[in-house]
Each structure stands twice: as C-alpha cells, then as structure tokens.
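Protein sequences, first through last, are from chains A and B. Residue numbers for the first sequence follow our numbering, so the first one is 1 and each next one is one higher. Residue numbers for the second sequence follow our numbering, so the first one is 1001 and each next one is one higher.
Think of the hints as simulated: they come from the structure by calculation, not from any bench. The C-beta atom is built at its ideal place from N, Cα and C for all residues, glycine as well. Please note that a few of the clues may not be correct.
Just a sample of chain A residues kept apart from chain B, beta carbon distances all over 12 Å, derived [unchecked claim]:
| id | residue |
| --- | --- |
| 1 | Met1 |
| 2 | Thr3 |
| 3 | Asp7 |
| 4 | Ile15 |
| 5 | Lys17 |
| 6 | Asn22 |
| 7 | Ser44 |
| 8 | Tyr49 |
| 9 | Phe50 |
| 10 | Ser65 |
| 11 | Thr74 |
| 12 | Lys85 |
| 13 | Leu89 |
| 14 | Val97 |
| 15 | Lys103 |
Between beta-carbon pairs, the in silico distance windows are [to be verified]:
| id | chain 1 | residue 1 | chain 2 | residue 2 | range |
| --- | --- | --- | --- | --- | --- |
| 16 | A | Val23 | B | Asp1195 | 55 to 65 Å |
| 17 | B | Glu1084 | A | Thr5 | 39 to 49 Å |
| 18 | A | Asn22 | B | Val1076 | 21 to 31 Å |
| 19 | A | Thr5 | B | Gln1198 | 34 to 44 Å |
Below are the chains, spelled out letter by letter.
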Amino acid sequence: MVTITRDRYVVISIITKEIGVNVQSIKTKVWHTYQKLYGISGSSSAGLYFEHFDENLQSGIIRCSHDSLPSLLTTLALITRVDDKDVLLYPSYVSGVINKAKKYLSKS
Amino acid sequence: MSEMENTVKKLQLSIESNVLLNDSYSLLDYIEIANEIKIPIIIVNGITIEEKNKLITESKNSKFEFVSLTNIYESVLDTSYDLEQTILSFKNYLINMDSNQHIIVSRKNVSSSSIEEIKKNLAKIRFHHELVCVYSNAKNILKWVATDRRVDFISVDLHKNASLIDSALCSLIKQSGKLLEISLSTLLTSKDDKDFSQILRNGKKLMKLLKQNHVPFTFSMSPISPLHLRNGSQMRYLGELLGISYNKSKNSVFEYQFSKLVSNVIKIHDSSIFDGVKEVQ
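The following block holds chain B by itself, in its conformation from the complex:
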C-alpha cells in the first residue's frame, strides 16, 4: 500500500460506538453497511467479551472477518509501557487491515434511577465488557458517575437529558477524564420540523457549553437500523449543524474513543497486573 493511500485511510478512520442488536437486524447487516461506508470498528452494545469472542470464532468462514482488539494487542505487544506508542501500533495495524476485516468491541450501557443500583451493576459488569457507558436522566447520578473510575462514557441524548449538563458537571467530567458521548441519532429520527428544531436548539446550547469548558466529547450515531450508520466524516458534518466546526470535532469520531478503548484493552488483558504494570515473559 502506498504512503498516500495510508494517509487517506488514516484520515478516514472512524468508529461507530453504540450499535444495539435486535431481532430485526443482525450484526452482519450492520457490518455490511459499515464495510460500504468504511467504518472499521463497530462497538456492540449489550454483548459480553465471551459472546464477542464466540462471534469472532464463528465469523472465520463468513464473508466478513471479525477481529478482536485483544488479539491485535497480543500481536503488537511490546515491552514499552508507553500508551501512545501502543496506540500508534494499533493504528498501523488498523491501516494495514483488509477491507473485509472489522474490529468488534463489547460495550454495556448502564441506566438506572438510583446510585446504589448503578454501583451494584458496575461492580458486576466492569470486567465483562471493554467499554462501559452510563445514561441517566437524574443530575445527582450524572455527578456521581462523572467521578467513578469504572465508567468510560456518559451518554447524552439531545432529546432528553442534554439540559442536565451544566458548567459544574462539565468541569467534573473534564477533571476525571470522562468522555461525553453525544448521540446524533435523534437528528435522523425526529418526528417533525418542530421536533427537529428543538433538537438543534438543545444541541447548540450543549455544544456552546462544552466549547466554553473545553470538555472532551464524542459523537455516536446509535443507529436503530443499519442504514442509519454514518462514518466519521458524515458525523462531523452533522456536528456542524450543532454549531461545532468540522475542524474542532476532529478527535470526536475516532481518537478519543480509540485511546479509551486501547487503554481498557490493556487493563483487561491477562498480562496486566494493575494500571501501568504488566507481566512480561
């Protein structure tokens, strides 16, 4: 592959971070569309790491091959403890991957009305999923979640809980290194023009706040059907509708999610003893 092709591929890298499987659409339906619009990483909500590994084994004889980040980590495993260097190795692997190969990641969305229940759920699920996200309509839960080490993302729906985000919560999220995940699916599923303008209004307000407080955010489509998938570039154009310029959302469609994902894969891997320390042979 030429250097120019590599650069183009690097610029096109994107992630769909919240695919929820149901009876109507299988993972293969999503992968088929993701392959056409060039999304190499699909994060599937609700499946555990064991279930993901099973899917990967089953895919060996199918049209698309699924790959696990853990396997990539084992092949790029080096003795350096530099996270940035490891992320770079992962990216190089991604760029040189075949077009019919896709990385599958497991994720769990936790949603509850009380802090106690969330505490219980987090303790149960943390090591069974590569990413953990919390969605809530209560401000006190969001505040508690923002400081919990086990949570990776805080999900925001432009329709429902966007108004709960304020400056205090923003600085808390920023301090504890969490990511705010903005679901853009509501833009595609709005009932009518009034609903659409309400979503835009909420989105613009939220984006203004995030820009003021320099809070890292990510975009996800959370598609209800495979044809609602959009790649990174398209998500950034949708972000422009919410008042964030194309250049300022550069990291929101791949970089942030990917670095969080890689650091979690390293933490969950068998060789890891605790944060920053791992077993070498």
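Chain A with its partners taken away, still in its complex shape:
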C-alpha cells in the first residue's frame, strides 16, 4: 500500500524590536526546542524543513508533516529568545499547499 505523507506549510513572522536576528540561528533554535520537547525520535518524524526565509520581510515558511503541526506550533509558542535577543515567532498562516503559503507571504 502506498502511503503519502501530507505536509503542512506554516508561514511564520519574526516579531522583534532588535535588529540583526540571524535566520540560521532561528532555524537552530526551532530544531533545538523541538528536540528538547519531543526528543530525537519526535523531531525525526516531524519532517521539519525550512522552505523559505526572507530576511527583509522577517518571515518564512516551515514545512512539517500534518501529524506534527500541533507540536511545531507549541514549539514556536515556547521560543522567546534567539541569539540573546527577544523574539516572537508568530505562525500567521497554515496551508497544505506551498504555493498558497508563498502567495500569503508575498501578500503580507
């Protein structure tokens, strides 16, 4: 039987008052927080992938499997500091189709 994993694309906005929040540090922080909460096994099955990040817009798209969407959103809600700077990672839109997520990102 063929099983297809359904993906979800989460558009996140990086809200911060400080400048110079590195995108790479955000990716590392999300990975570490996810692993801290759900372990290596959980993070491996989540299928986290950072599709696209726009440093100017301070927003990006994270892909995950549809089963791990609540876990990813919990992880994002727990992140308060990246690189010793206060940040808020706000999931503004969730879609099952990457083009819709990209369209939302370009509109916002």
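Here the structure of chain A is known, so what remains is to put chain B in place on it, guided by the hints.
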C-alpha cells in the same frame, strides 16, 4: 466584511487577561504586539476605571485607538435582560471592530497573607476595577475567596501555589462559579530544563484534577515583556503541553473571561440597580 472573514475572526478572538505595566514597557508597547498577533482585548492589571478612561481619551490621536467596554455597552444597550443576548451583541461589535482598535479593561490582583486584609482590600477596590483576581499561597485564603461574590478569578502559578488546589477546593470553586486562572508565563521564563520539567509536572497534575472535577479554568500569559504575549490559539497549544487537548480548552482563552467581563460591566454600569435589574428610560 464577508461571512467567511467574520467566522475566521470569531474563531481567532482572544484575550490577554493579565498585563502588568512597568517602567520598561508602556501600554503602547503591548498594544503594538497585540495588534500584530491579533489580540483585541487587553486586561491591564493595577489601573482603575478612571485611569483607564483617561488612557482612552488620550489615545484618540494616537496610532491605536482604545475602546472601553462600557462605551460598547451603551451603544448596544437593549431593554432585554438576557445576558447571553448582550454577550452576543458585544461579540458582533468586536468582530466588526477596526484592526487598530483595542479594548482596554481594568483589573486588580489582590494578594495578601490574611483573610481580614483581603476583606478590607476587596471592599475598597471592587467598584474601581472591572475584574478582581486573588492570588494566595495559603489554602485557607483560597477556600474563603472561592465563596466570595466580589472575586472573579483565582490565580494559579504553576511554580508556586498549584499544589494547593485539591478536589475539595475544586468543587467549591465550581459551585460558586469562580474561574481558575492558570498563568502560563512560567513555561516561558523557566530557569533551566529541570525547572521546566517541574512546571510541566505541576501543570499536568493540576489539569488532571481540573478535568476530573469539571472546573472551569482560563489561560493567561501574564507577560513580563510584550514579546511574551501569545494569542488564544498559541495559549491552547501551550495548554496541550500540560495535558489538556486543544479542543477541550476552547472556552479557556476567550469565552469564560469575556462573559465574566460583560456581566461585570453590566453590574458596574450606572443603569444597573442590582443584579438582573436595571434602569430603563
């Protein structure tokens, strides 16, 4: 606004029920973030109704406009005595509100080590604040507070006083129609992993108890900085960490607080004579 947009907005409604202003952050800092993450109602701790009205008047020329629930009540005021109908009118107003408008509510946290002192404080403050909350580390105070009509919320910190809540207190809270307010800020401010796991353990224990006794509870972030604000949906996801499923915390981020708030606004309003009776022109 289309019907679909209205439905989406209705699902997104959330409240931050405990914002404490200090020298580092002003109300405008909080409102700026609340606007971005779509929180239309901000409950500010420590300000009186008069101070709130002053803030509202001052905001007329600023980027964000503050609105008072009393003003909304006056505009939606009807002759019906049905609380549910009034709440519905308030909600419709909220849904059709501009994105730069925010509702400001005054609240007071009472914390004391003796019942006598709390009695004195409650008598002084009740009509100066729209919401009154009590925090205590003593079980006898929590028991007394659970039966007092003037108190709206009993605050629980997952770090300190969560272990004081037991089945007897739960049934007392449920009987007297009080709400247990669970502060989630400790999840964001934990010192280390050991501390974090301790908070999760306390939270899971408390949630299990609340589920068993069917006690109504609410979530609040009690943020120490504007970037610690989280909207209703995010709070419900944080609640999942404490063992309460997303669907079961549906009313904990807006409905309970809002209905309590509306009933208090009606009680405090000039037209109200006593509970259920008001003056009509």
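Hint compliance check: list the failing hint numbers for this structure, sorted ascending.
When the structure is compared with the hints, numbers 4, 5, 11, 12, 13, 16, 18 turn out to be violated.
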